[in-house]
Amino acid sequence: MFSGMVLCLLAAVTTATAQDKFKLKPNAKGKVCLSCHATFQEKLKSPFVHTPVKAGDCTACHNPHASSHGKLLAADSSQICVRCHSVVPAKAASVHSAIGKGKCTDCHDPHASNFKFVLRQGGNKLCFNCHSKMEESVSKARFKHAPVAKDCLDCHKAHASEKYKSLLKDVAPALCIKCHKPNTPLFAKQHMNYPVATSRCTTCHDVHGSDKAGMLYGNVHKPMAGKMCNQCHEEATSSTPFKTKKEGNDLCRACHSNMMNAMFLKNRIHWPVLSKKGCLSCHNPHASSETGLRRAPMNVLCGSCHEDTIDRQARSITKHQPVADAQCTACHKPHAADATFLLDQGLINLCGTCHDWQKHQTHPMGEKVRDRRNKNLTVLCLSCHSAHGTDYKNMLLAATISEMCTQCHTEYRR
Amino acid sequence: MKLIPYIVTSAMLITAPVFGAETLKMQYTTSLYADERGTSLSRPDGAGCNDKNLLVVADTGNGQVLKYVVQDKTFKFEGQVKIPQLSNPGKVQVNAKGEVFVFDEMQVRIVRLSPEGAFVGYVEPTGIPSPAAWTPRSFAVDNKDNIYILDIASERVLVLDPSGKYLRDVKYPKEYGFFSDVTVTAGGTVLALDTVQCRVFSAALNVQTLAPLSEPLKEFALFPTSITTDKSGLILITDRNGGAIVVLNPAGSVQGKYLGMGWKEGQLRYPSQACITESGTLFIADRENSRIQIFTVIR
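Listed in order, the protein sequences are those of chains A and B.
Residues 129 to 542 in the numbering used here are what the first sequence lists, from first letter to last.
Residues 828 to 1126 in the numbering used here are what the second sequence lists, from first letter to last.
Looking at chain A on its own, in the form it has when it is part of the complex:
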């Protein structure tokens, strides 16, 4: 009721302002408009009408004469709504991207609609207009989360979340236990009697639906899939049930010893592997939507440390397909390798797995061809190209072909 009163007051203020500004005759602030914009007569019969429209005050949002903004709006689309509607807290942890772009009308009809809050559509249909990939995965999921099928706003806020990421109303498990009661026998049984009530549910569960029973992420760590939590953790009855039986990589080594032994035979190691977090630097020990139980898609995961490399590709005119496809491991070994840059094999062979370099411009390449710029180097693919992109076409290291070639063939330099 209070918000309704505020809106009425705001409408009255804006009406008075518009009336003063344009020196309008009584009733000219809206009724005159309808004489030309006759189709709005029908629209105004909708059950939900924007307050200024209902008050017949078109000039609250539009300039009747001229404007620098589309649709004769009185201000830029990113500013016009916030003149009356303050929906984003000052220090919001997350803001809906539509609002950030000033596209309130992507969701709201500025005049009238059949849905509450003058929304363009009701329920999830509206959200799925933009979040189409989510719609696809939600509709295909074998095990569906009921609130997702009903209304995204059960868990998310529409405009901004003051404290939480992803527009969430709360974080797991607080958000989850509003519906899921952890003290029921069934809940305890499903979690092997481990006291998970205070654990973050989204570590294992895909809240938007999954093909895996229990709505687990698509890739589940084998012990967990077999409900053998105690393979890694202490018994559920222990005073420290979540404590792992061994620390760090020593725990993983018990099963993945072959891989880890092979890793230590290589010349160069990916250092996070040996850090305190160890394997968990990159892998989720329970379940993940990514293959190999990676914590995130490779461009995000690798980019969390190698930000400059991912940025370089983003800026590059020509994209290198494996990088664009977030397949860093197409060229790099994620754990250890003999070559620098953790490359899987010698450069020419590596590039040759996709590119037929022997037919490349007939330029001699290989270990026997010396780079004229440096006697210690041989001519390889990276002599002219940069695998993560450059500012130039074809990932070349110079702006033009002639500039590239004359780095070595100086006799042709003009």
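Think of the hints as simulated: they come from the structure by calculation, not from any bench.
Keep in mind it's a predicted model, so treat the numbers as computed, not measured.
Fair warning: there could be bad hints in the mix.
To be verified - Simulated crosslink set (DSS-like; lysine-lysine; CA at most 25 angstroms straight-line):
no. : chain 1 : residue 1 : chain 2 : residue 2
1   : A       : K278      : A       : K244
2   : A       : K503      : B       : K1001
3   : B       : K1001     : A       : K404
4   : A       : K461      : A       : K405
5   : A       : K171      : A       : K159
6   : B       : K903      : A       : K503
7   : B       : K998      : A       : K371
8   : B       : K1001     : A       : K405
9   : B       : K852      : B       : K998
10  : B       : K1001     : A       : K374
11  : A       : K404      : B       : K998
Dock chain B against the given chain A, drawing on the hints supplied.
Frame of chain A; chain B shown alone:
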């Protein structure tokens, strides 16, 4: 005295935009391209030095360590170490006694060599408090021959006496990205390089936890992996992916960014360790150019 093949000299003088009060210049002096037998260097990861003009090179791709005395743009060969106990030499440090410490990335161990180049043993800390687990990512040696190990397994810098006995440790800060290298100033301040945050952290003598010294340096460096300091406290950071050296003053303010990516002498490709002498001679392991470059830092 023998000259190494392929030594090339020039008189390039590289000045950086000045960000602080002091103007620095880096003058290219010469490069080392091959060992005594004429074998080309292969992806050297380490370049250590001392104030007696001793240069120790980790010729990583060839699995050997090379020692030279550098004077007047010439390299006097002092010896070569190629031993089974050291398969993949990386960062190099020389202590006051002339002992050479080399990080072996394959074994993840620090190898100690005598001044004559004989294998003495591996650095094995004794008496370290809990947690007992330690994994070196890098290390440094100070002017008292104490050894500083960047321990990524237990998130600390272990400080050991010359024999390897635990003296103290410096804890990681609460917020950090990933520490790649450590060095220590003449006054005993530990400096650690956070590659992911592009930031230098420090802990003065008797301070127990690292704290930010510099602001994040992303404006100046892409992927810094190596840090060193001179006797005046000047800090030099090697930006591997940017092919550059970023210089900070002892307070952590940027003094300038030098050199750049390329093949020519005076340019770097994915450089690794750098080392600077008291007289301002700067050695850089120019890894992907398979050479050691030498500059004179003029202040």
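> Okay, which hints does this one fail, numbers in order?
Replying inline: 2 and 9
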